[in-house]
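Start from the sequences, fold in the hints, and give me the full structure.
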Amino acid sequence: MLNLTGSTTIHYETVENRLHLLLPLNAEMFLLRMLHRINSFIGYNHTSKLCSLGNARHSKGEDVQCPGHVGCSATVSPDFGIGNEEDGGEKIASKLLAGKHPLKVSHLTTDADGKGCQGLNKVMKRVTGKDTENLLDEQHLNRSFCRAVSSTEFSSDMFPARTVSFKRMLQKRFAEDLSHQVQAEITACRKAMKNNHPKVVLAMRDCVSCILKCYSGDHRECSKKSFVCKKKKYMFPFMPGIARESLRILGTDRVKLCNVIMTRTCEKQLRATRFGTSTQKAEAMNSAFKTTNPKQGSTYSRNASCRDHSAIHMVNNGPGESIAMKMAALGLHPSQSSISTLRRLQHRRDYHRRRKKSCSVRARKASLRIKRYRLYERQGNYRKNKGSCYETDQLIAELTDHTYHKRRISCDNSGNDITSCGTSRNVRTK
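Numbering that gives the first Met the number 0 puts the last residue of the sequence shown at 429; the count rises by one with no breaks.
There's no promise every hint is true.
[Said to hold, decoys possible] Distance condition first, Cα-Cα at most 20 Å in a straight line; then the derived SDA-like pairs of lysine to any residue: (1) K255 - E266; (2) K232 - E220; (3) K166 - K193; (4) K255 - C265.
Hints were generated in silico from the structure; no laboratory data involved.
Because the structure is a prediction, the values reported are computed rather than measured.
This is the structure in structure tokens:
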């Protein structure tokens, strides 16, 4: 969240450093995304070790240091840590404060596995004298919560399963469903409490025991403590029918689940996610970067930064407006047919963006997801059906007559040649 004035606040996000998604080879990028009316990216930093001219001079035996020589496209030395997010955060903060109207950052949303906020906080605190609060992304927290529930060891009689593989499948589905319900309870609680943080913390403490009782089929406390299963019964969209409302959560299993849920609903986590910000929009910028800077083919060492700026300009303004603005900057005047094409391109992009955010499309996606889970459950694909699953070396017996099939031959005491595919033949001896 960016403080522009005393009363104006704007949320923005960061994207984590992923070299294989953002740029080819050695390149680093940090983005700040402002969640304003136009949803524009306001911060960018590019770090690269690529220098085709330096590599060519090195191949000729010249002693060249990158960066520093004439025509060098690298921005850091080869021994620099390309994954240093703290350094990228410092550079982003310096750029935000270097303009005519310095932009001071009070809150920063990250995915909790990088140090970009530490670097940005170091620069901002030096200027403003206040720490930048690090907010957390709810999507990443929910994935971490789901993994924690999946890796927890429960008793053998908690899930109605006879085999270990079926129990493992039920626990994975239970982790997904529990993560979905906990997030739904937090969202509904914030709406009911009108984002009053102290009241939300107290209400979620009472809601933990109610959530566990729902999975056991006990809904007597739902009308008082639950925000999702109060008026309309919770449907358990990820749980199979055999385990829906039939879990035996008792004793140590209840204690373990309460401890895991409290890590997601504690005061610290609720405060770090109180604005509901996420990094998903910034993560989606990777597809635009892959369009202008593809991973395969050329590595564009000299103009990689220009291509990234072009992608950011297209995302901020839309494809139609971006092309029109670039042509106007070059002094080009498009024809009337070209203008109509650009308008249709821009209209199509705006239409699909509004359509994907509509409540009807989101509800349809949720219903289709539940339908796929139910179809998967009816087919029984969670059980291993012999003959339909993958098996190693299924066709070796049919490939023994081909020259490219390599057999491991060994002879037993009776003179039989035993091959790797389980067949045997007599060996003639003189």
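Outcome of the hint check:
For the hint linking K255 to E266, the alpha-carbon distance of about 19 Å falls within 20 Å, and the restraint holds. Our distance criterion of 20 Å between C-alpha atoms is met by K232 and E220, whose separation comes to about 12 Å. For the hint pairing K166 with K193, the CA-to-CA distance comes to about 40 Å; that exceeds 20 Å, so the pair is violated. The straight-line distance between the Cα atoms of K255 and C265 is roughly 15 Å, inside the 20 Å bound, and the hint therefore holds.
The structure does not agree with numbered hint 3 stated previously, though it agrees with all others.
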